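Asks: Sequence:
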Amino acid sequence: MGKFLIGLAWATLWLGAPATAQEMALDSAQVPASGEIEQLAIPSVPGVVIAGTLRLPKGHGEGPFPLVVCFAGSGKWSRGGYHLLSERLLARGIAMFELDKRGAGQSTGTFTDSITEHVIDGHAVIRALRIHKSIDGARIGVCGLSQGGTVAPSLAAQDSEIAAVVTFAGPVGRRGELFLDALRRTLLGSYPQAHQQVDVLVAATESLMDAYQRDASAAEIEPLREAVIEAMVATGFTRAEAENTYAVLDTPQTRSMYAVGSFEDLQALDIPVLALFADRDRVVEAQLNASAAAEALRGNADAAVFTVAGYGHTFQPVDPDTGDATGGAMLDAPEVLELVADWLARRFGVSAR
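The opening position of the sequence shown corresponds to residue 27 in the numbering used here, with each subsequent residue numbered one higher.
What the hints contain is simulated information worked out from the structure, not anything from laboratory work. Here the structure is a predicted model, which is why all the values come from computation and not from measurement. Just to be clear, a hint being listed does not mean it is correct.
[Claimed, not checked] With a straight-line Cα cutoff of 25 Å, these simulated SDA-like cross-link-like pairs (lysine to any residue) come out:
{"#": "1", "residue 1": "K102", "residue 2": "T79"}
{"#": "2", "residue 1": "K159", "residue 2": "Q65"}
{"#": "3", "residue 1": "K102", "residue 2": "K159"}
{"#": "4", "residue 1": "K102", "residue 2": "P69"}
{"#": "5", "residue 1": "K84", "residue 2": "H158"}
{"#": "6", "residue 1": "K102", "residue 2": "A150"}
{"#": "7", "residue 1": "K102", "residue 2": "F137"}
{"#": "8", "residue 1": "K159", "residue 2": "F137"}
{"#": "9", "residue 1": "K159", "residue 2": "A371"}
[Unchecked claim] Simulated restraints on C-beta separations:
{"#": "10", "residue 1": "E364", "residue 2": "E256", "range": "50 to 58 Å"}
{"#": "11", "residue 1": "T142", "residue 2": "D207", "range": "19 to 27 Å"}
{"#": "12", "residue 1": "D305", "residue 2": "L214", "range": "22 to 30 Å"}
{"#": "13", "residue 1": "T264", "residue 2": "R153", "range": "45 to 53 Å"}
{"#": "14", "residue 1": "P90", "residue 2": "Q184", "range": "17 to 25 Å"}
{"#": "15", "residue 1": "S160", "residue 2": "S243", "range": "47 to 55 Å"}
{"#": "16", "residue 1": "I157", "residue 2": "T264", "range": "51 to 59 Å"}
{"#": "17", "residue 1": "G73", "residue 2": "D328", "range": "34 to 42 Å"}
{"#": "18", "residue 1": "D368", "residue 2": "P249", "range": "51 to 59 Å"}
{"#": "19", "residue 1": "L214", "residue 2": "A330", "range": "51 to 59 Å"}
{"#": "20", "residue 1": "E256", "residue 2": "P343", "range": "44 to 52 Å"}
{"#": "21", "residue 1": "D350", "residue 2": "G375", "range": "38 to 46 Å"}
Backbone N, C-alpha and C define an ideal beta-carbon position, used for all residues, glycine too.
Between the sequences and the hints, there should be enough to build the whole structure, so can you do that?
Replies: Given below as C-alpha coordinates:
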(Lines of atoms letter the chains of each structure in order from A and count residues from 1; the text may use other names and numbers.)
(Lines give C-alpha, C1' and ligand atoms only; values in the text may rest on other atoms or scores of the structure.)
Protein backbone atom coordinates (compact mmCIF):
# COMPACT_ATOMS: atom_id res chain seq x y z
CA MET A 1 0.00 0.00 0.00
CA GLY A 2 1.57 3.27 -1.13
CA LYS A 3 2.04 6.34 1.03
CA PHE A 4 -0.89 8.11 -0.56
CA LEU A 5 -3.28 5.25 0.16
CA ILE A 6 -2.54 5.75 3.83
CA GLY A 7 -3.25 9.46 3.43
CA LEU A 8 -6.50 8.80 1.61
CA ALA A 9 -7.61 6.38 4.30
CA TRP A 10 -7.04 9.17 6.82
CA ALA A 11 -8.92 11.65 4.67
CA THR A 12 -11.96 9.44 4.34
CA LEU A 13 -12.01 8.67 8.05
CA TRP A 14 -10.98 12.14 9.12
CA LEU A 15 -13.77 12.83 11.57
CA GLY A 16 -11.95 10.95 14.23
CA ALA A 17 -9.32 8.31 13.96
CA PRO A 18 -10.11 5.33 16.20
CA ALA A 19 -8.69 5.63 19.65
CA THR A 20 -5.96 3.23 20.62
CA ALA A 21 -6.85 -0.02 22.33
CA GLN A 22 -5.34 1.37 25.52
CA GLU A 23 -7.58 4.43 25.44
CA MET A 24 -10.66 2.31 24.81
CA ALA A 25 -9.80 0.00 27.69
CA LEU A 26 -9.12 2.94 29.99
CA ASP A 27 -12.51 4.52 29.38
CA SER A 28 -14.40 1.23 29.43
CA ALA A 29 -12.93 0.35 32.81
CA GLN A 30 -14.39 3.46 34.45
CA VAL A 31 -17.90 3.22 35.86
CA PRO A 32 -19.88 5.70 37.94
CA ALA A 33 -20.19 4.94 41.63
CA SER A 34 -23.79 6.15 41.83
CA GLY A 35 -27.01 5.06 40.21
CA GLU A 36 -28.83 1.81 39.65
CA ILE A 37 -27.64 -0.30 36.74
CA GLU A 38 -29.51 -2.43 34.23
CA GLN A 39 -27.70 -4.39 31.54
CA LEU A 40 -29.86 -4.52 28.41
CA ALA A 41 -29.73 -6.42 25.13
CA ILE A 42 -31.83 -4.67 22.47
CA PRO A 43 -32.62 -6.28 19.09
CA SER A 44 -31.88 -4.14 16.04
CA VAL A 45 -31.93 -5.59 12.51
CA PRO A 46 -31.89 -9.40 12.14
CA GLY A 47 -28.65 -10.80 13.52
CA VAL A 48 -27.80 -7.68 15.51
CA VAL A 49 -28.41 -7.22 19.23
CA ILE A 50 -27.12 -4.02 20.83
CA ALA A 51 -25.80 -4.41 24.37
CA GLY A 52 -25.73 -1.46 26.70
CA THR A 53 -25.93 -0.17 30.23
CA LEU A 54 -28.87 1.84 31.54
CA ARG A 55 -28.04 3.88 34.62
CA LEU A 56 -30.94 5.17 36.70
CA PRO A 57 -30.67 7.94 39.33
CA LYS A 58 -30.92 7.21 43.04
CA GLY A 59 -32.60 9.59 45.45
CA HIS A 60 -34.83 11.20 42.83
CA GLY A 61 -38.01 9.19 43.33
CA GLU A 62 -39.15 6.18 41.37
CA GLY A 63 -39.31 7.84 37.98
CA PRO A 64 -40.04 7.74 35.17
CA PHE A 65 -36.81 9.63 34.49
CA PRO A 66 -35.61 11.68 31.55
CA LEU A 67 -32.88 9.89 29.62
CA VAL A 68 -29.82 10.70 27.53
CA VAL A 69 -28.55 8.10 25.03
CA CYS A 70 -24.85 8.57 24.26
CA PHE A 71 -22.97 7.60 21.08
CA ALA A 72 -19.20 7.18 20.78
CA GLY A 73 -16.76 8.45 18.17
CA SER A 74 -15.28 6.38 15.38
CA GLY A 75 -13.51 3.17 16.27
CA LYS A 76 -14.51 -0.10 17.89
CA TRP A 77 -15.85 1.46 21.05
CA SER A 78 -17.73 -0.32 23.78
CA ARG A 79 -19.52 1.47 26.59
CA GLY A 80 -17.72 3.37 29.34
CA GLY A 81 -16.42 6.53 27.69
CA TYR A 82 -19.14 8.79 29.10
CA HIS A 83 -18.67 7.89 32.76
CA LEU A 84 -17.80 11.46 33.79
CA LEU A 85 -20.91 12.86 32.14
CA SER A 86 -23.00 10.05 33.61
CA GLU A 87 -22.14 11.14 37.16
CA ARG A 88 -23.37 14.67 36.47
CA LEU A 89 -26.59 13.49 34.85
CA LEU A 90 -27.43 10.98 37.57
CA ALA A 91 -26.90 13.66 40.23
CA ARG A 92 -29.59 15.74 38.52
CA GLY A 93 -32.11 12.92 38.20
CA ILE A 94 -31.35 12.12 34.55
CA ALA A 95 -30.82 8.53 33.42
CA MET A 96 -28.18 7.61 30.86
CA PHE A 97 -27.77 4.77 28.38
CA GLU A 98 -24.45 3.91 26.79
CA LEU A 99 -24.02 1.13 24.26
CA ASP A 100 -21.49 -1.14 22.63
CA LYS A 101 -21.33 -0.45 18.90
CA ARG A 102 -22.55 -3.14 16.53
CA GLY A 103 -19.87 -5.85 16.51
CA ALA A 104 -18.03 -4.36 19.52
CA GLY A 105 -18.07 -5.44 23.15
CA GLN A 106 -21.14 -7.57 23.80
CA SER A 107 -23.12 -6.31 20.80
CA THR A 108 -23.55 -8.83 18.00
CA GLY A 109 -23.23 -8.30 14.26
CA THR A 110 -20.31 -7.28 12.06
CA PHE A 111 -18.36 -4.17 12.97
CA THR A 112 -18.02 -1.83 9.99
CA ASP A 113 -18.28 1.56 11.77
CA SER A 114 -20.88 2.68 9.24
CA ILE A 115 -22.77 5.76 10.37
CA THR A 116 -25.86 4.47 8.57
CA GLU A 117 -25.75 1.32 10.70
CA HIS A 118 -25.15 3.32 13.89
CA VAL A 119 -28.27 5.36 13.15
CA ILE A 120 -30.33 2.21 12.51
CA ASP A 121 -29.14 0.71 15.79
CA GLY A 122 -29.73 4.00 17.58
CA HIS A 123 -33.36 4.03 16.49
CA ALA A 124 -33.78 0.48 17.81
CA VAL A 125 -32.30 1.46 21.17
CA ILE A 126 -34.49 4.54 21.51
CA ARG A 127 -37.65 2.63 20.57
CA ALA A 128 -36.93 0.09 23.28
CA LEU A 129 -36.07 2.63 25.95
CA ARG A 130 -39.08 4.78 25.13
CA ILE A 131 -41.34 2.07 26.57
CA HIS A 132 -39.08 1.15 29.50
CA LYS A 133 -41.00 1.41 32.78
CA SER A 134 -38.39 3.69 34.38
CA ILE A 135 -38.01 6.09 31.43
CA ASP A 136 -40.17 9.04 30.44
CA GLY A 137 -40.47 8.47 26.71
CA ALA A 138 -41.28 12.14 26.10
CA ARG A 139 -37.97 13.25 27.62
CA ILE A 140 -35.27 11.37 25.73
CA GLY A 141 -32.23 13.23 24.47
CA VAL A 142 -29.24 12.09 22.45
CA CYS A 143 -25.59 13.07 22.61
CA GLY A 144 -22.44 12.10 20.77
CA LEU A 145 -18.78 12.92 20.32
CA SER A 146 -17.09 13.24 16.91
CA GLN A 147 -18.70 10.52 14.77
CA GLY A 148 -21.34 10.22 17.49
CA GLY A 149 -21.90 13.94 17.03
CA THR A 150 -23.24 13.19 13.55
CA VAL A 151 -25.25 10.15 14.65
CA ALA A 152 -27.15 12.12 17.31
CA PRO A 153 -28.49 14.90 15.01
CA SER A 154 -29.34 12.33 12.34
CA LEU A 155 -31.45 10.38 14.82
CA ALA A 156 -33.23 13.52 15.97
CA ALA A 157 -33.90 14.67 12.41
CA GLN A 158 -35.60 11.33 11.72
CA ASP A 159 -37.43 10.99 15.07
CA SER A 160 -39.59 13.97 16.01
CA GLU A 161 -40.10 12.63 19.54
CA ILE A 162 -36.47 13.11 20.56
CA ALA A 163 -36.40 16.00 23.01
CA ALA A 164 -32.84 17.40 22.88
CA VAL A 165 -29.46 17.00 21.17
CA VAL A 166 -25.94 17.58 22.50
CA THR A 167 -22.86 17.23 20.29
CA PHE A 168 -19.20 17.27 21.25
CA ALA A 169 -16.88 18.04 18.31
CA GLY A 170 -19.44 16.86 15.79
CA PRO A 171 -18.45 17.53 12.15
CA VAL A 172 -20.97 19.95 10.63
CA GLY A 173 -20.38 20.56 6.89
CA ARG A 174 -22.82 19.65 4.18
CA ARG A 175 -22.83 16.04 3.05
CA GLY A 176 -19.82 15.27 0.87
CA GLU A 177 -18.21 18.63 1.54
CA LEU A 178 -16.07 17.57 4.50
CA PHE A 179 -14.89 14.41 2.76
CA LEU A 180 -13.91 16.20 -0.44
CA ASP A 181 -12.17 19.05 1.38
CA ALA A 182 -10.10 16.56 3.40
CA LEU A 183 -9.33 14.62 0.23
CA ARG A 184 -8.16 17.76 -1.59
CA ARG A 185 -5.89 18.78 1.30
CA THR A 186 -4.35 15.31 1.48
CA LEU A 187 -3.78 15.14 -2.28
CA LEU A 188 -2.13 18.55 -2.40
CA GLY A 189 0.05 17.55 0.54
CA SER A 190 1.39 14.64 -1.51
CA TYR A 191 1.29 16.32 -4.96
CA PRO A 192 1.74 20.08 -4.34
CA GLN A 193 2.50 20.84 -8.01
CA ALA A 194 -0.57 19.06 -9.39
CA HIS A 195 -3.35 21.52 -8.60
CA GLN A 196 -5.19 21.06 -11.89
CA GLN A 197 -4.95 17.27 -11.76
CA VAL A 198 -6.11 17.28 -8.14
CA ASP A 199 -9.16 19.34 -9.08
CA VAL A 200 -10.02 16.80 -11.77
CA LEU A 201 -9.52 13.89 -9.36
CA VAL A 202 -11.66 15.46 -6.63
CA ALA A 203 -14.44 16.19 -9.14
CA ALA A 204 -14.28 12.61 -10.44
CA THR A 205 -14.40 11.28 -6.89
CA GLU A 206 -17.43 13.45 -6.13
CA SER A 207 -19.29 12.06 -9.14
CA LEU A 208 -18.43 8.51 -8.13
CA MET A 209 -19.41 8.92 -4.47
CA ASP A 210 -22.65 10.71 -5.38
CA ALA A 211 -23.50 7.73 -7.59
CA TYR A 212 -22.85 5.38 -4.71
CA GLN A 213 -25.12 7.47 -2.49
CA ARG A 214 -28.04 7.03 -4.87
CA ASP A 215 -27.34 3.29 -5.33
CA ALA A 216 -26.46 3.65 -9.00
CA SER A 217 -26.24 0.55 -11.17
CA ALA A 218 -22.97 -1.24 -11.91
CA ALA A 219 -23.23 -0.03 -15.50
CA GLU A 220 -23.27 3.59 -14.31
CA ILE A 221 -20.52 3.06 -11.73
CA GLU A 222 -17.98 1.47 -14.10
CA PRO A 223 -17.15 4.56 -16.23
CA LEU A 224 -17.06 6.70 -13.08
CA ARG A 225 -14.65 4.21 -11.53
CA GLU A 226 -12.40 4.34 -14.58
CA ALA A 227 -12.49 8.15 -14.56
CA VAL A 228 -11.29 8.19 -10.94
CA ILE A 229 -8.48 5.75 -11.65
CA GLU A 230 -7.36 7.67 -14.75
CA ALA A 231 -7.41 10.92 -12.76
CA MET A 232 -5.25 9.30 -10.07
CA VAL A 233 -2.73 8.18 -12.67
CA ALA A 234 -2.67 11.68 -14.17
CA THR A 235 -1.99 13.08 -10.70
CA GLY A 236 1.04 10.85 -10.18
CA PHE A 237 -0.18 7.46 -8.96
CA THR A 238 1.00 4.25 -10.55
CA ARG A 239 -1.83 2.16 -11.98
CA ALA A 240 -1.42 -0.31 -9.10
CA GLU A 241 -1.60 2.48 -6.52
CA ALA A 242 -4.70 3.86 -8.22
CA GLU A 243 -6.41 0.46 -8.19
CA ASN A 244 -5.55 -0.04 -4.52
CA THR A 245 -6.72 3.44 -3.61
CA TYR A 246 -9.98 2.94 -5.44
CA ALA A 247 -10.53 -0.12 -3.23
CA VAL A 248 -10.61 2.24 -0.23
CA LEU A 249 -13.37 4.27 -1.87
CA ASP A 250 -15.34 1.14 -2.73
CA THR A 251 -16.24 0.15 0.84
CA PRO A 252 -19.37 0.67 2.97
CA GLN A 253 -17.30 2.54 5.56
CA THR A 254 -16.00 5.10 3.07
CA ARG A 255 -19.41 5.55 1.47
CA SER A 256 -20.80 6.20 4.93
CA MET A 257 -18.02 8.67 5.70
CA TYR A 258 -18.75 10.54 2.46
CA ALA A 259 -22.22 11.30 3.79
CA VAL A 260 -20.85 12.69 7.06
CA GLY A 261 -21.84 16.23 7.80
CA SER A 262 -24.70 17.18 10.07
CA PHE A 263 -25.53 20.58 8.56
CA GLU A 264 -28.81 19.46 6.98
CA ASP A 265 -29.82 17.45 10.05
CA LEU A 266 -29.12 20.33 12.43
CA GLN A 267 -30.94 22.72 10.13
CA ALA A 268 -34.03 20.49 10.28
CA LEU A 269 -34.25 20.52 14.08
CA ASP A 270 -36.58 22.73 16.09
CA ILE A 271 -35.79 21.10 19.44
CA PRO A 272 -33.12 22.22 21.94
CA VAL A 273 -29.60 21.72 20.55
CA LEU A 274 -26.24 22.32 22.25
CA ALA A 275 -23.17 22.05 19.99
CA LEU A 276 -19.76 22.15 21.67
CA PHE A 277 -16.31 22.43 20.11
CA ALA A 278 -12.76 22.51 21.50
CA ASP A 279 -10.30 25.17 20.39
CA ARG A 280 -7.29 22.77 20.31
CA ASP A 281 -9.10 20.07 18.33
CA ARG A 282 -6.84 18.73 15.57
CA VAL A 283 -9.55 16.54 14.03
CA VAL A 284 -12.72 18.66 13.85
CA GLU A 285 -11.50 22.23 13.43
CA ALA A 286 -13.41 24.35 15.91
CA GLN A 287 -13.78 27.69 14.12
CA LEU A 288 -14.94 26.19 10.83
CA ASN A 289 -17.39 23.73 12.35
CA ALA A 290 -18.74 26.06 15.02
CA SER A 291 -19.47 28.64 12.33
CA ALA A 292 -21.26 26.02 10.22
CA ALA A 293 -23.25 24.85 13.24
CA ALA A 294 -24.33 28.41 14.03
CA GLU A 295 -25.48 28.86 10.44
CA ALA A 296 -27.39 25.57 10.44
CA LEU A 297 -29.09 26.38 13.75
CA ARG A 298 -29.85 30.02 12.94
CA GLY A 299 -33.60 29.41 12.83
CA ASN A 300 -33.70 27.40 16.06
CA ALA A 301 -34.83 29.51 19.02
CA ASP A 302 -33.32 27.10 21.57
CA ALA A 303 -29.92 26.29 20.13
CA ALA A 304 -26.48 27.24 21.41
CA VAL A 305 -22.97 26.81 19.98
CA PHE A 306 -19.90 27.13 22.21
CA THR A 307 -16.17 26.72 21.71
CA VAL A 308 -14.23 25.97 24.89
CA ALA A 309 -10.56 26.76 25.39
CA GLY A 310 -7.78 24.42 26.39
CA TYR A 311 -9.13 21.08 25.21
CA GLY A 312 -8.50 18.69 22.35
CA HIS A 313 -10.80 16.54 20.23
CA THR A 314 -12.10 14.32 23.04
CA PHE A 315 -12.30 17.25 25.46
CA GLN A 316 -9.21 16.18 27.37
CA PRO A 317 -6.89 18.92 28.63
CA VAL A 318 -3.96 19.64 26.31
CA ASP A 319 -0.53 21.14 26.79
CA PRO A 320 -0.84 24.84 25.86
CA ASP A 321 2.44 24.75 23.93
CA THR A 322 2.30 21.41 22.09
CA GLY A 323 -1.44 20.79 21.95
CA ASP A 324 -0.85 17.21 23.10
CA ALA A 325 -3.27 15.63 25.59
CA THR A 326 -1.95 15.78 29.14
CA GLY A 327 -3.83 12.71 30.34
CA GLY A 328 -7.23 12.09 31.81
CA ALA A 329 -10.34 10.46 30.46
CA MET A 330 -12.60 11.47 27.60
CA LEU A 331 -14.64 14.57 28.52
CA ASP A 332 -12.28 15.38 31.39
CA ALA A 333 -13.55 18.95 31.30
CA PRO A 334 -15.48 19.78 34.49
CA GLU A 335 -16.85 23.12 33.31
CA VAL A 336 -18.10 21.53 30.08
CA LEU A 337 -19.76 18.67 31.95
CA GLU A 338 -21.49 21.07 34.33
CA LEU A 339 -22.68 23.20 31.41
CA VAL A 340 -24.11 20.17 29.60
CA ALA A 341 -25.74 18.64 32.67
CA ASP A 342 -27.36 21.92 33.73
CA TRP A 343 -28.49 22.66 30.17
CA LEU A 344 -30.15 19.25 29.89
CA ALA A 345 -31.69 19.54 33.36
CA ARG A 346 -33.41 22.77 32.38
CA ARG A 347 -34.73 21.29 29.12
CA PHE A 348 -36.00 18.21 30.93
CA GLY A 349 -37.59 20.23 33.73
CA VAL A 350 -35.47 18.82 36.56
CA SER A 351 -33.41 20.71 39.10
CA ALA A 352 -29.94 21.83 38.07
CA ARG A 353 -27.38 21.68 40.86
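Asks: All hints, please: hold or fail.
Replies: Results for each hint:
{"no.": "1", "hint": "K102 / T79", "in the structure": "holds (17 Å)"}
{"no.": "2", "hint": "K159 / Q65", "in the structure": "holds (15 Å)"}
{"no.": "3", "hint": "K102 / K159", "in the structure": "violated (30 Å)"}
{"no.": "4", "hint": "K102 / P69", "in the structure": "holds (19 Å)"}
{"no.": "5", "hint": "K84 / H158", "in the structure": "holds (17 Å)"}
{"no.": "6", "hint": "K102 / A150", "in the structure": "holds (19 Å)"}
{"no.": "7", "hint": "K102 / F137", "in the structure": "holds (7 Å)"}
{"no.": "8", "hint": "K159 / F137", "in the structure": "violated (31 Å)"}
{"no.": "9", "hint": "K159 / A371", "in the structure": "holds (20 Å)"}
{"no.": "10", "hint": "E364 / E256: 50 to 58 Å", "in the structure": "holds (55 Å)"}
{"no.": "11", "hint": "T142 / D207: 19 to 27 Å", "in the structure": "holds (21 Å)"}
{"no.": "12", "hint": "D305 / L214: 22 to 30 Å", "in the structure": "holds (25 Å)"}
{"no.": "13", "hint": "T264 / R153: 45 to 53 Å", "in the structure": "holds (50 Å)"}
{"no.": "14", "hint": "P90 / Q184: 17 to 25 Å", "in the structure": "holds (23 Å)"}
{"no.": "15", "hint": "S160 / S243: 47 to 55 Å", "in the structure": "holds (49 Å)"}
{"no.": "16", "hint": "I157 / T264: 51 to 59 Å", "in the structure": "holds (57 Å)"}
{"no.": "17", "hint": "G73 / D328: 34 to 42 Å", "in the structure": "holds (39 Å)"}
{"no.": "18", "hint": "D368 / P249: 51 to 59 Å", "in the structure": "holds (55 Å)"}
{"no.": "19", "hint": "L214 / A330: 51 to 59 Å", "in the structure": "violated (35 Å)"}
{"no.": "20", "hint": "E256 / P343: 44 to 52 Å", "in the structure": "holds (48 Å)"}
{"no.": "21", "hint": "D350 / G375: 38 to 46 Å", "in the structure": "holds (41 Å)"}
In summary, the numbered hints that this structure violates are 3, 8 and 19.
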